[in-house]
Structure formats: structure tokens, C-alpha cells
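Student: Spelled out, the chains give:
There are 2 protein chains.
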Amino acid sequence: MAPSARTIVVVGGVAAGASAAAKARREDEQARIVVFEQGEHVSFANCGLPYFVGGEIADRGSLLLHTPGSLRDRFNLDVRVNTEVTEIIPARRLVRAKDLKTGEVDEVGYDSLVIATGSRPVVPTFAGAKSRNVQVLRTVPEAEQLRRRLRSGHAKRAVVIGAGFIGLEVVENLRRQGVEVALADQADQVLPPLDPEMTVPIEDALRSLGVEVALGRGLRGFIQRGGKAVAAELEDGTRVEGDIFLLSIGAVPDVDLAARSGIALGPTGAIAVNDRMETSIPGIYAAGDAVETVNRVTGRPAWMPLAGPAQKQGRVAGANAAGRSMTFKGAYGTAIVRVGGVVAAKTGLGEGECRAAGIDCRVAYNYHGDHAGYYPGSQGMFIKLLAERRAGRLVGAQIVGGRGVDKRIDVLATAIAGRMGVTDLEDLDLAYAPPFGAARDPVIMAGMTQANLQRGEIDGCTPAELAGWLGGADLQLVDVRDPAEWAGGIIEGAVTIPLPELRRRLNELDPARPTVIYCLSGQRSYFATRILKNSGFSKLQNLTGGFLGWTFYVRSRERSAGQVPRPAGAVS
Amino acid sequence: MAPSARTIVVVGGVAAGASAAAKARREDEQARIVVFEQGEHVSFANCGLPYFVGGEIADRGSLLLHTPGSLRDRFNLDVRVNTEVTEIIPARRLVRAKDLKTGEVDEVGYDSLVIATGSRPVVPTFAGAKSRNVQVLRTVPEAEQLRRRLRSGHAKRAVVIGAGFIGLEVVENLRRQGVEVALADQADQVLPPLDPEMTVPIEDALRSLGVEVALGRGLRGFIQRGGKAVAAELEDGTRVEGDIFLLSIGAVPDVDLAARSGIALGPTGAIAVNDRMETSIPGIYAAGDAVETVNRVTGRPAWMPLAGPAQKQGRVAGANAAGRSMTFKGAYGTAIVRVGGVVAAKTGLGEGECRAAGIDCRVAYNYHGDHAGYYPGSQGMFIKLLAERRAGRLVGAQIVGGRGVDKRIDVLATAIAGRMGVTDLEDLDLAYAPPFGAARDPVIMAGMTQANLQRGEIDGCTPAELAGWLGGADLQLVDVRDPAEWAGGIIEGAVTIPLPELRRRLNELDPARPTVIYCLSGQRSYFATRILKNSGFSKLQNLTGGFLGWTFYVRSRERSAGQVPRPAGAVS
Chain A
84 MAPSARTIVV VGGVAAGASA AAKARREDEQ ARIVVFEQGE HVSFANCGLP YFVGGEIADR
144 GSLLLHTPGS LRDRFNLDVR VNTEVTEIIP ARRLVRAKDL KTGEVDEVGY DSLVIATGSR
204 PVVPTFAGAK SRNVQVLRTV PEAEQLRRRL RSGHAKRAVV IGAGFIGLEV VENLRRQGVE
264 VALADQADQV LPPLDPEMTV PIEDALRSLG VEVALGRGLR GFIQRGGKAV AAELEDGTRV
324 EGDIFLLSIG AVPDVDLAAR SGIALGPTGA IAVNDRMETS IPGIYAAGDA VETVNRVTGR
384 PAWMPLAGPA QKQGRVAGAN AAGRSMTFKG AYGTAIVRVG GVVAAKTGLG EGECRAAGID
444 CRVAYNYHGD HAGYYPGSQG MFIKLLAERR AGRLVGAQIV GGRGVDKRID VLATAIAGRM
504 GVTDLEDLDL AYAPPFGAAR DPVIMAGMTQ ANLQRGEIDG CTPAELAGWL GGADLQLVDV
564 RDPAEWAGGI IEGAVTIPLP ELRRRLNELD PARPTVIYCL SGQRSYFATR ILKNSGFSKL
624 QNLTGGFLGW TFYVRSRERS AGQVPRPAGA VS
Chain C
84 MAPSARTIVV VGGVAAGASA AAKARREDEQ ARIVVFEQGE HVSFANCGLP YFVGGEIADR
144 GSLLLHTPGS LRDRFNLDVR VNTEVTEIIP ARRLVRAKDL KTGEVDEVGY DSLVIATGSR
204 PVVPTFAGAK SRNVQVLRTV PEAEQLRRRL RSGHAKRAVV IGAGFIGLEV VENLRRQGVE
264 VALADQADQV LPPLDPEMTV PIEDALRSLG VEVALGRGLR GFIQRGGKAV AAELEDGTRV
324 EGDIFLLSIG AVPDVDLAAR SGIALGPTGA IAVNDRMETS IPGIYAAGDA VETVNRVTGR
384 PAWMPLAGPA QKQGRVAGAN AAGRSMTFKG AYGTAIVRVG GVVAAKTGLG EGECRAAGID
444 CRVAYNYHGD HAGYYPGSQG MFIKLLAERR AGRLVGAQIV GGRGVDKRID VLATAIAGRM
504 GVTDLEDLDL AYAPPFGAAR DPVIMAGMTQ ANLQRGEIDG CTPAELAGWL GGADLQLVDV
564 RDPAEWAGGI IEGAVTIPLP ELRRRLNELD PARPTVIYCL SGQRSYFATR ILKNSGFSKL
624 QNLTGGFLGW TFYVRSRERS AGQVPRPAGA VS
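Going down the list, the protein sequences come from chains A and C.
Just so we're aligned, residue 84 is where the first sequence starts under our numbering, counting upward by one.
Just so we're aligned, residue 84 is where the second sequence starts under our numbering, counting upward by one.
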């Protein structure tokens, strides 16, 4: 095999960049491969930073998955840290790179180039944003700085701005360190990527951890005193005091270099690439948080700055840069977060995303234990499953619960990738032993619920639909839970008939009126709906998600209607 | 809606029977539905019995998912326990049922009938099998009897015959109660449904729990003294002493009633049914352990007596018995067991099953942590993934490890159900946060390993193939682990060159010789194989599963070659 003498340049040495360079080396042993990283560290565990702050990851060393030396030893890479690529000159196939310590500029020619510049945090420009106790958490030095601040004992109270996945991880870990925490987000909910009602248990988990949560109000600025921020000021004037302020209000693709070099951006603002991860300029590939990818459910461009897609894109870009031909098909936006004992996860599209994509989706909720109820320690999970109304193809799922949420979201992500329909879920053959699951796994039950709707065995309504009908004179609302459960509240206007009494009390109900049945979760009311349907009731709806889903819905509506709880420690 | 006045009779009231009756009621509110159960309990948690014995399930009541009363209240079922259906007379569409307490015989006509007679344990007929301290564990009374015996303090040492899924659950739970346990199986391995090398860690887990394991010798009989068994005698004359003896040597479909009634059995000896769960006699359906189903990988009849398929079959049989039309497509034989901290699971076909089905499968092993290595507490899992050699379609998977095995087997079961290929696994978008997984999940890594083989990026060999080549004069075997790892053993004849030194020591190897590379698990050796392949080596194989897989293979071969460890407490 003749040496190729190809030079491959990779700009960025963290997730996608390191993957690209390592894959390129596996494809081409003779190539010269140069990796430029403007930061101090390559291939560090950025997803681990919150846990390093919280102390679960005790050792800084475990965050450094590779060093320039280990990348040289294993992959024969020429890694240059603290070096910024300032210019790409496609016409001459070279990059200019500046050593950030010495200021020296080097020119390196390339045969192929991989851009993996990642994303950068959104840092607001308003008053006080540059205070020395206002920071983001994106790098190992930033994590170390935060840890030092916590250890100094001066940071007794933190304010986290931004309740997305990373913001919540930061909050959990700050609490772990015993720091008082207030959390603010401009959205009416925590975890904006999830549908609002699914985030209510996460909000509860935050409060259980003692976190003050202020939603629906963006950040206006920081009140400073002596160069330090002393309070975050929200849009409504509320001031949330703190010793330290963490900004986690999102990120944007870092496309400056690409744009300056004439590389086309896509509609999301990230670098446009084809399925070979090639940009608009031949020979230049891009991967990771800087690129836009395809949402595999909609087939449309999407920006999904997540570690899983980043590493896969890097691998594909690296292979192609080295002369192979591999493709990356896109992603589903699968993500998960733990807050205390509560876990929330998502894959595919949410309800709003379906609407935006013009997908007529059917929503169903299920509530089940993670394993057989007769085996101790079962933890409940609330599942929202979205399917195309006509064809039944799965388009998205969200789950909030405890143990086993991660398993079910991965099974559903796999089912969506397999383009399965709701009836396929009924037939899944999942592993069952009492410690691990149930003869009918929650995923299978969720599939059955959707399939029953799909086949027209019953009609279902969502809490939002019920809310629209409440108060209508004609509506007949029936609660079939047990009397003991009514103490926790019933939906206004409901007739209460426990399921075991329903058959002998049928005469209390009017078969001609539009009727909605509910129980706690939707399962007993499904049984009840079947009884009524087979007894001549024709205008029947089973409330999907039951009283539980109703409660989550109502609480999420209250928030967006402005009944936003104020943080206990707020000064206004 | 006019009353149908249909009578549906269900024979058997545990998993499949209870599901069938409940579904039939949901379909037909007016039908008369009669359930006959020869035992004392309906719808009990048979999979929970070992855990009740072990005390994890403390309360007998939690095993009883339903009572005749609760089935009447919820589903309006006429449930008759302690009643055996002795005869089905299809010509007259009636069954004869005998009350086992009073001896009275009743005739009940049916419009449709569901047979859910389940399976019965294999109980050997030889000497001593009826001793009062020899028992099986299939019913609540048997579990209670065993618990009483343990509590009496007279059962200090138990012998479990049969190391299948249930046998291992019994062993684990007996140890939990502090009982000394010896385990014997006629197979050369524990967990015979799994491929032999995958069971080595389970055997180790059993020994770590202090269990004596005697493999490769069937049971010849029991030595009795005063009506009590005092030892199990194995085929080779070994006597294994004990105070109590648990038989878990398998089950057979209980088809006596069906066969007597002229219902056709299939090639497996279980009741033959179509995809509507209908037997050879119109109007008679069957479901659960008594029927044979379709292995969805091979499309061939298979007997899979598992709770998941049983409940799904029951649901389908019940719907069809009530006049609907539903289908059951078959199963994949997904199963899981926990022994101490070790978990083993399987879905689809094993290597031997592929051979038997005429499927040319490619085997690859992977070893990965259940979550990111930088986050503490990661537990390793060893994955065997089987794919059709040419098309790459997944046909089976087995995993042994700790936490997270259940998740990965379910993801793989879903992928097989989706008829995915190995390259589809590379593209899966699974949920990643440090406590739950890795940016490249073990399933994705396993897919990449198989896909690399599929695309011909590298060639791989299995431990069995390597074993056939060892000692050949020409073979060049290279161990690329770190020096610290060699202390635990190397494969005989291997040249040792740590991966980081490989590039500069290429001259120590001969590019013309057939070369096998290995490391601990197969990943570093993959890197090494790529280096050598791109450096002119042409006859290269990466040892899949590495030294770890090699060790498991060698140990499983030693067992089947007769080097069977004797139980420590054996008397011969």
C-alpha cells in the first residue's frame, strides 16, 4: 500500500473533532493528521462537568478522556492545543492557526478539512453579565473555578439562569454541594424541550430538593455591587439574590470561522452538510455542535447539539475526510436528565413540534411501574406517546418517572428508528423477570393504549380537549376511581362511580349524552369505557392519562396563565 | 346493541387464561364468561414465587394479583377454582368440569372456548422422586410449603436440580435465606438457553454466592432414608447431600385435555394454533404455555413458555373468542435472570440455534461499561451480537454483566423486531447523560463492531476459530494490551506489543503471515488491526471479544471436555 501523504486538518478537538481524527487515522495510517484546539483540553467529558462540580466525579483527571500525548500514542495525531484556526483559505487549501500563548501564526495545507468548532454559550450582553461571579460551565477550567468558589465557602447561594437539560444538572449538583439554589427560566416551564405537562414532576422534584423555581420571566440583568453581581433581575423586576450566578441559557453553533471562509450555513444557522458531512466547499467536512443535522422523524434540518450525534458525525466526517464513504442519517433528539430521584427523557417530536411539522398526531398517556407491582420497590413512570393519527407510526415519546425511564426511552427511540407503528409495540418481546420489568412492560402497555385508539376500539380525549368541553351543559363526566382516591380531588362536575359498581349503576348515566370517563391513569377508565360502549353508549371518550395527566395539564396551564410561583428568597 | 348471549369458556385462570377472559369481557359486555381453574388461585404471580421464597416479596397477598371476587367485580367473570375441565366435546360445544373438592361434575356449553392449561413441571419417575422433601416450585402452596420448611430450621442445605432461568432464581433466593445450596444440571453449563461461553460469569456469580455447582451430570435418583431423600445421586455416581431438594428440570406443555379432545398438536408437542390463536377445531382457541408459537426470527414453530408471550396470546385469544379479529405474530424468546450482582439475558437466536435454522451468522463480542467511564460506578457488560453474515440483519443477542443489561437486551429485542441490520444500530440515537449511558452506548458500539465486519473494514475471528489455528506454525498472534495486563495471562504463543508501541515496532512482525490481534475486549486490537492493514498486512484477523472472550470460551470448553468441577460438599 503506497503512502497517501494526505494531510487532514481537524479544527476542534473535543467530541466530534477527536472522533473525526481518530477515525481518519484508522482509515489512513500514512496521513498527516493535525488537530487544532483553541482550548487547553482535547477530548474532555463536557457532559461530566456538572457532576464534577457536584463531587460525584471526584477527580479532574477522569474528565480528561485523552491528552495530546495519548492521542499521539494511540492515533499518531499531531494535536495543538491553545491554538486557534483564524482563517481557512479554500482556494489554497490551507488554514492559518494562531498559537494563543505565543501569538505565532502557522500555515498548514490540507487535502481535507474537518470543522468541529462546536457551540458557544449564549452570554447576555446586558448589565453585569461580565461580573466576576457570573459564569458559564462549558470547560474544565470553568468547572474548576466553580468548584473552588464553592469550596471557598463564600458561595452559599447560587442562582442558575436557564432550566434546560444542563441547567438542571447544574442545579442538582449545586444542591449536592449544599448550596442554596434559585432557578429561573423565561419559559413557563422547566425543560423547555419537553411538552409542558410532562415537566411538572421535574418542577416538583426541584422544589423537593429545596430549589426555588421562578418561571416565565427572562433575565433583565444583574445588580452589581463592587464588581460583583448581588442579584439577578428578572423581566418583571423580581430580584433574585445570590453569591454566584450560573448562566445556562443555551448555546449557538460556533460558525464564525466557517462563515468567514464562505461555507454555507443552513436554515438553523448551523453549518449545512450533506449526509457525508461535507459542507458546501468540496473537501471540507463538518461535524458536531457546529453543524445542522436532519431530524429523522420530519426529514427536516434541525440543530441538535448533543454528544451522541456529535461523535457519530465526527466518525463519519473523519472517514470521508480520509477517502472512505460513510453516511450519517440524522438524529431524533433523544435526551435524558436526572433531578434528585426523578428522571425525564424525550425522543422524537413533542406535541408542538408535531404541529410545526404539520403532523396530525395522536397523544396517549400511560402510567405504570418500572417492574412488576408484586415485587417491591416499583417506581411509577408517566409516558406520553405520540403517533401519526392515521398510519399509527410512532413520532415521539416523553417519559417522567424514576428507575427504568432510561430503558423505556431507549426502547422507544429504537422503535422510532425502526419506523415502527403503535401495533408493533404491542408485539414487542421484552425481557421480564420481577426485578427488571413486567409481563406487560410499560412500553408495551403504552403501545396497547395507542393501538386500541388506532383500531377504534375506544375513543380518547386529552386533558386539553376535556378542558375545552368542561362546563358545557351536555357533558357527562364520570370518575371511576375508588372512593379513597376521591379525597385527593376530582375533576369539577364529575359523577363518581367506582369501576366495580359501574355495571349495576349504569342507569345513573345517560347513554345519549357525550361522556368522558377517567380514573387515575386511564386504565380502569378504559375498562369502564368498554363496558359503556358495549352497553349502548355511543359518544364516549376515555380521558388519556386520567386524573394524573389532568393534574399535570392543569398545573402547566396555571403556570402559563401567569400564576407563576415566586421564589421564596426573592426580593422585589 | 343487542345482547349476544354468547358463552365463552376459558380453561385455566393464571396468566394467559386470565388475560383471555378479561379481554373477552372488554369485547363483549353481555357474554357469559366462565373461567375454570384446577388450582386454588387464579392470576397469581408465578414469576414471583422464587422471590417470595427468598423473602424479597414478604407478603403472600402480593402474589395474588386477582381473586375470583376481584375478577367478578372488575370483569364480571364467573370464576370456578379447584375445578378441573375433564372433557371437551366439540361436537356438542360443551365442557365437563369436575369440582375437585366435591367431585361434582358440571356441563357447560360454550360458543367459543379458550384453552390455557399451561405447562407442568417435569418430575422424574425414578427412585425417591416422591420423597416428601423433594418438590417443585410452581404454585403459591408449593412456595408456602418451601418457606415453611426453610423457617422450620431443618432445611439447612438445599440441592437444586436444573440450572435454567427459574432454577437460578430459586438458588439465589435460597442463598438469600442463608441456606447452603448445591446446584446440578445435566448440561455442561448453567443457563442452557444461552451459548456456553456467555454463562461463565453466571457460574462465577453462583460460586461467589457460595453455591456448589455440578455440571454435565444428570440426576439418576435420590437416596432415601425413612421416606426422606438424603442425597441426589448423579449419573456418575456422585451423591449430593441435602435436607431439601428442588426440581427445576423443565416443563412440558399441558396438552392432555386438548389432545384427548382431538385438537392437533404441533411439531414441538404443544397445541398448534394459527396467528389468531385458533386451534385445529373451529371456535376453540388456545394461549399460553400450552401452545406453540412462532419464533419470529426463523419463522418456525417454537415452544416458548414465558409470561410475556402468554399474556399477549391470551389477549388475542380472548378477543377472537369474543368475535373480534386480532393476531399474535410470535416471539423472540427474550429472557433475563439475575444471580447476585450478575445479570444474564438473551433475545433471538443463539449460535447453535442459528446453525440449526441454517442461518449463516456472524458473531461479534463487545465489552463496555453501562455508563460513561468517567462517571463513577460503571459496571461492565459483555455483549454477544449475532447477525446474518451477508445481509447483516440482527438475529440474536446475549448479554452478561450488571446494571443496564436489561436495557440493552430490550433495545436489541426491539431492533430485531424492527428487522434492523447492524448498520442501523450504529445510527441509533439513545439517551445519554452520565448516570445513564455513554455518548456511544454499548449497543451502538456492538453495532459498530458488527458493521465494521459487515463492510469488510476488518476481518474478525472468534475464539473457537482461533483455537483451531493455535499451534499452526505460520500463525502470528499479537497481544496489544498494556504490560500490566499480561500478568493475568496471555494466549500461548502470542507476541506482546502494547498498542502505543505498535507503529514503531512494526518490523518485529511479518506482513506475509496470517496474523491474529487481540487485546482485552477487541477494541484496541481493532485499532491495531487497522494500523497493520494500512501498513501492508493482508491476512489479518481481530479476535472478537479479546482475552476476555477467549477466557470465557476456554473455560466453557474445559467444562464440556469433562473437567467438571465437583461440588465441595459432594460425597461419592
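No lab work stands behind these hints: they were computed from the structure.
A couple of the hints might just be wrong.
Identical copies look the same in the list; a pair holds intra-copy or inter-copy alike.
[To be verified] Cut-off 20 Å, straight-line C-alpha distance, at most; resulting in silico cross-link-like pairs (SDA-like, lysine to any residue):
id : residue 1 : residue 2
1  : 616       : 537
2  : 239       : 295
3  : 616       : 113
4  : 184       : 350
5  : 184       : 139
6  : 616       : 581
7  : 616       : 159
8  : 412       : 502
9  : 412       : 192
10 : 616       : 89
11 : 616       : 115
12 : 412       : 150
13 : 412       : 476
14 : 616       : 112
15 : 412       : 190
Student: Does each hint hold? Answer for all of them.
Tutor: Here is how each hint holds up against the structure:
no. : hint      : in the structure
1   : 616 - 537 : within (16 Å within a copy, 53 Å between copies)
2   : 239 - 295 : within (14 Å within a copy, 56 Å between copies)
3   : 616 - 113 : between (72 Å within a copy, 11 Å between copies)
4   : 184 - 350 : neither (36 Å within a copy, 77 Å between copies)
5   : 184 - 139 : neither (33 Å within a copy, 62 Å between copies)
6   : 616 - 581 : within (17 Å within a copy, 71 Å between copies)
7   : 616 - 159 : between (70 Å within a copy, 16 Å between copies)
8   : 412 - 502 : both (14 Å within a copy, 18 Å between copies)
9   : 412 - 192 : neither (30 Å within a copy, 59 Å between copies)
10  : 616 - 89  : between (72 Å within a copy, 17 Å between copies)
11  : 616 - 115 : between (72 Å within a copy, 17 Å between copies)
12  : 412 - 150 : neither (30 Å within a copy, 52 Å between copies)
13  : 412 - 476 : both (19 Å within a copy, 18 Å between copies)
14  : 616 - 112 : between (69 Å within a copy, 9 Å between copies)
15  : 412 - 190 : neither (34 Å within a copy, 63 Å between copies)
When held up to the earlier numbered hints, the structure conflicts with 4, 5, 9, 12, 15 and fits the remainder.
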